[in-house]
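**Student:** Residue strings, one per chain:
2 protein chains.
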Amino acid sequence: MMNNSNINHLQGPVCSLPLHHNDQIVIGHGSGGQMTNDLIKNVFYQKFSNPILDMNNDAALIDLLLDNDKKGFLVTAIDAHIVSPLFFSGGDIGRLAICGTVNDVAMLGAKPLYITASFIIEEGFSINALEKIASSMQLACQEANVKIVAGDTKVTEKGKSDGLFISTTGIGWVPASRQIGGQFARPGDAVIISGTLGDHGIAVLEARGDLGFHSAIQSDVAPLNEMIEILLTEVPNTHVLRDPTRGGLATSLVEIAYQSEVTIQIDETSLPIRPTVQTACEMLGFDPLYIGNEGKVIVILPEADVDNALEALRSHPYGKAAVRIGSVVQNSPGRVLLTTPLGSNRILEMLAGEILPRIC
Amino acid sequence: MMNNSNINHLQGPVCSLPLHHNDQIVIGHGSGGQMTNDLIKNVFYQKFSNPILDMNNDAALIDLLLDNDKKGFLVTAIDAHIVSPLFFSGGDIGRLAICGTVNDVAMLGAKPLYITASFIIEEGFSINALEKIASSMQLACQEANVKIVAGDTKVTEKGKSDGLFISTTGIGWVPASRQIGGQFARPGDAVIISGTLGDHGIAVLEARGDLGFHSAIQSDVAPLNEMIEILLTEVPNTHVLRDPTRGGLATSLVEIAYQSEVTIQIDETSLPIRPTVQTACEMLGFDPLYIGNEGKVIVILPEADVDNALEALRSHPYGKAAVRIGSVVQNSPGRVLLTTPLGSNRILEMLAGEILPRIC
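Those protein sequence lines, which keep their order, are chains A and B.
According to the numbering used here, the stretch in the first sequence is residues 1390 to 1749, in order.
According to the numbering used here, the stretch in the second sequence is residues 1390 to 1749, in order.
No lab work stands behind these hints: they were computed from the structure.
The structure displayed is predicted, hence computed values, not measured ones.
Careful, some of the hints might be misleading.
Repeated chains share a single entry, so a pair holds when one copy, or any two copies, can fit it.
Derived pair list, reagent style PhoX-like, types lysine-lysine, alpha-carbon separation capped at 25 angstroms [said to hold, decoys possible]:
1. K1709 to K1460
2. K1500 to K1536
3. K1536 to K1521
4. K1500 to K1709
5. K1500 to K1460
6. K1536 to K1709
7. K1709 to K1547
8. K1521 to K1547
9. K1500 to K1547
Use the sequences and the hints to build the structure in full.
**Tutor:** Written out as structure tokens, the structure is:
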């Protein structure tokens, strides 16, 4: 996942603009793109740097050093969820809060096990809505086979927050034999996406009434750990997993290209985008490659494993539309090229500011 | 710690008022007292119940089942921090976010190791303030000897949050030989408090300008894990540790009395309260027993260990004013009695609603 919003992602060769002390937070700082990257790098990363944080992946890998037989790592990740509105077609903030964090943990090949959740609630918020959201979390936990093991609840005065914010930390376990991460893409690898792009962002826009027309688009928000386990059983040699959330496919690929110091070439005609999402993006002036997803994963693995990987992904309901979209090539490191239908190459950059605030 | 706001605390015999579906969140739901308890019990606990959550302590105890030699448990806890204002005498939201979670983990006798942190920032927030807060977190992490291993940053539009909210999850490890928890208080045990009561709540009130006069009170916000390690080395047979945060000493003691099914008797004359805090409470109509602390711990242990425990606590800067304040007695279970200077007994209840919103 792109998630350079995650402190784990803050290092690497992505260039960073200096912040000035008198600057203020602007909406773009929450975009998950370059500005978020700059903010985190300049403010948090500088202060918090340590070997675990510096590993620069979606979740933190913690060696418990407990045992030589069952050698492995604890994996943890945190996400704050501020989506507006709280309910949208295909999901709500509760499902999002569980799936987002479960997926972050699963992106290192780990089995997500436990969740901690904190709730910041605005005075006046409906208890009924809170119960619906808690039920939705419960269902998502059952589906992902994780347990919420600790929580905390705080309330602000009316007007000092916006309904409900939920932060979740995920804790999981990965055997030491699995080596998966954004730094492992190699020239010769293939790039796969597990399904259609942009569904989540457009579904949230529609729920806001910002679409201007009615679409049948549902958010793809889903826990991907079961599908990923099937994939990794079939293709243990998978190199990279990342869920393209805030910032979309393009931003995630740029991140991986920087982490692995490779060029990634994507074939535009291969990208799976629903016609309604494409239409909505054209009307609103958005590029679907930068729209956030909440139930998709980028898979990068050796060319020889592509067929097995596609079969594994397509065997699961969340991977039915899995397709190969490109390759890892050598030339200039840290670059993503989009090959258009006419055969020309367009350089994809990381999302610069914010185009869709508060979609997660 | 009282922390019935923590989902871990939601069970037990404390009676609970039913919530109605059309109810709204009110400030009292964030109090950490009875209303928070009711809310969490009726909304979250019903949905999320599982054996780890049901253990009903400040942090979740996770058996990794990894090893027979080094048998122990992963411990995790989460806290959302919404203190207003962000800076106060003796600390800020950053120090609070680290110490609150470190202390929750330490209350099970665990060694806190790792922190995940999420930031919800209001558009327009000062980067300079954010840097100060990050520095404060860094210092608190150094003092507590913990590492921030993952993070996430989100930004809301101006007016949709209030400056900065920080959620932190702590992860630690406790050897299986340590059995410490709110359920282990036994008749014949002594009750100790590690220092003065109410300093944090009154310091935040003063920073808000709500005190009406100037006091020199500083918040006690501090990581207690080092002091607790000294205590547990001296007195391995410690039964209960709890930090009396939201809801104050009285609410924490009521919680422990319910969890252990005992009566706790406290001697009012023994309670360490600074004269300025006492004066402020009298002027404002507050009872210092219900004011939140962020650097104090209630210790319950066998009578025979009292002297060793006090010596151990007083050997550390954060425990200089440690003092014995009462005993665990048998009679009616789930009751806390305050013996006044005149010798009469007053029953202490859990904090009912909210008296000091947003002190943590």
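**Student:** Taking the hints in turn, state whether each one holds.
**Tutor:** Results for each hint:
{"no.": "1", "hint": "K1709 to K1460", "in the structure": "neither (34 angstroms within a copy, 43 angstroms between copies)"}
{"no.": "2", "hint": "K1500 to K1536", "in the structure": "both (12 angstroms within a copy, 23 angstroms between copies)"}
{"no.": "3", "hint": "K1536 to K1521", "in the structure": "within (18 angstroms within a copy, 35 angstroms between copies)"}
{"no.": "4", "hint": "K1500 to K1709", "in the structure": "within (22 angstroms within a copy, 45 angstroms between copies)"}
{"no.": "5", "hint": "K1500 to K1460", "in the structure": "both (14 angstroms within a copy, 21 angstroms between copies)"}
{"no.": "6", "hint": "K1536 to K1709", "in the structure": "neither (27 angstroms within a copy, 40 angstroms between copies)"}
{"no.": "7", "hint": "K1709 to K1547", "in the structure": "neither (44 angstroms within a copy, 40 angstroms between copies)"}
{"no.": "8", "hint": "K1521 to K1547", "in the structure": "within (21 angstroms within a copy, 27 angstroms between copies)"}
{"no.": "9", "hint": "K1500 to K1547", "in the structure": "neither (39 angstroms within a copy, 38 angstroms between copies)"}
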